[in-house]
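Respectively, the protein sequence lines represent chains A and B. If you use my numbering, the first sequence corresponds to residues 1 to 148, in order. If you use my numbering, the second sequence corresponds to residues 1 to 192, in order.
Hints listed in this document are in silico derivations from the structure and should not be mistaken for laboratory results. Keep in mind it's a predicted model, so treat the numbers as computed, not measured. All C-beta atoms in this analysis are idealised placements derived from N, C-alpha and C, irrespective of residue type, glycine included. Just to be clear, a hint being listed does not mean it is correct.
[Said to hold, decoys possible] Capping the alpha-carbon separation at 30 Å, the derived lysine-lysine pairs in DSS-like fashion look like this:
#	chain 1	residue 1	chain 2	residue 2
1	A	LYS140	B	LYS133
2	B	LYS16	B	LYS69
3	A	LYS35	B	LYS167
4	B	LYS16	A	LYS37
5	A	LYS23	B	LYS69
6	B	LYS51	B	LYS69
7	B	LYS16	B	LYS93
8	B	LYS73	A	LYS67
9	A	LYS140	B	LYS73
10	B	LYS153	B	LYS16
11	B	LYS11	B	LYS30
12	B	LYS30	A	LYS67
13	B	LYS69	B	LYS175
14	A	LYS142	B	LYS153
15	B	LYS175	A	LYS67
16	B	LYS69	B	LYS133
[Unchecked claim] Covered stretches of chain B (chain A as the covering partner; in silico rule of three or more C-beta atoms under 8 Å from a C-beta of chain A):
#	stretch
17	46-60
18	81-95
19	154-163
Each chain, letter by letter, is given below.
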Amino acid sequence: MNTNHLTDDTIQAYILQEISDDKIALHISECSDCKAKLESYQTLINAVNSITSETFSFDVTAIVLQKIEATETQKIALGSYVLITVLSVFILSIILFSFSIIKPIFQLFWSLDFFGNAFIIVSALCVFTFLFNDILRKYKQKKMLLLQ
Amino acid sequence: MDNESNLFSDKLLVEKVLSGNTQAFAMIVKDTERLVAQIVRKMAANEEDQKDLVQDIYLKAYQRISSFKFQSKLSTWIGTIAYNTTINYLEKKKIPLYDIDLMHESKFVHSENAEKEIFKKETVQILNNEINKLPPLYKTLISLYHIEELPNKEIADITNLPEGTIKNYLYRARKILKDNIENNYKINSYEH
Chain A
1 MNTNHLTDDT IQAYILQEIS DDKIALHISE CSDCKAKLES YQTLINAVNS ITSETFSFDV
61 TAIVLQKIEA TETQKIALGS YVLITVLSVF ILSIILFSFS IIKPIFQLFW SLDFFGNAFI
121 IVSALCVFTF LFNDILRKYK QKKMLLLQ
Chain B
1 MDNESNLFSD KLLVEKVLSG NTQAFAMIVK DTERLVAQIV RKMAANEEDQ KDLVQDIYLK
61 AYQRISSFKF QSKLSTWIGT IAYNTTINYL EKKKIPLYDI DLMHESKFVH SENAEKEIFK
121 KETVQILNNE INKLPPLYKT LISLYHIEEL PNKEIADITN LPEGTIKNYL YRARKILKDN
181 IENNYKINSY EH
């Protein structure tokens, strides 16, 4: 009688067809211990294969989208704060550094007549309104895409 | 052919997500939540922790999707994120990944009526209980291989472990399962 039994790993690999060897098949047919072990493993593997997969008890898609939306909103808010800070610093530094040239600029405006001044102011307001609306429209489009 | 169609649908979905379509990402979540459940549920028992982990996993996937290079299936990539995130969670909680002592603690819930018990309980329930007593990594590998039916190569991609190591862990896990069931229920067969 063959006393060199097959290892558990070899038996499992044989069942899962990871190895195929006539010597293993021959040994199993002759050795009742290894045959019993093989049958136990075969039963176990069949039983584990028959288990249906577990799912979560909560709605994964809903909580994930909620989290993404919250993070994106936070990111947008943070972006807005950064933008406002940068713009404020920029405007303040312009004002600070333009003290020396403010007087000549005012002198330039004093030298123009009423219509000249009105033309400059209205043109500047038109350009500003156009740019502001364009930025606002793009922002709304992006927000709609995010919330889709 | 199947791989090509997978790659095509993965590319389509990723492009949609990158253009800001969150519904496309919802589809990705639906397609992969079964795989993520196999990893997360096996390693974290608490439902609140599971919720946090799932949100964390998919948020990472959403934020890093532009770096996905299509070298594997999108589901495998998300599986890797799920595995790494859950491993980090276990490390933070100081839960050992493959500590056999964990298994011994819950072993041998012997009763004199053990043989009768097996007829009362469902086979699947007993098996699930025994799988749940395994160390976290072993039960995850058993789930991915036997329940999710993933090939060793894909499990290796997800866990970043060599295929040989995965085979060895699976052999060990099955041996523990077989020995535990035989010892706990004192029978060799657990078929219906």
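Of the hints stated earlier, which fail here? Hint check: 1, 4, 5, 7, 9, 13, 14, 15, 16, 18 and 19 fail, others pass.
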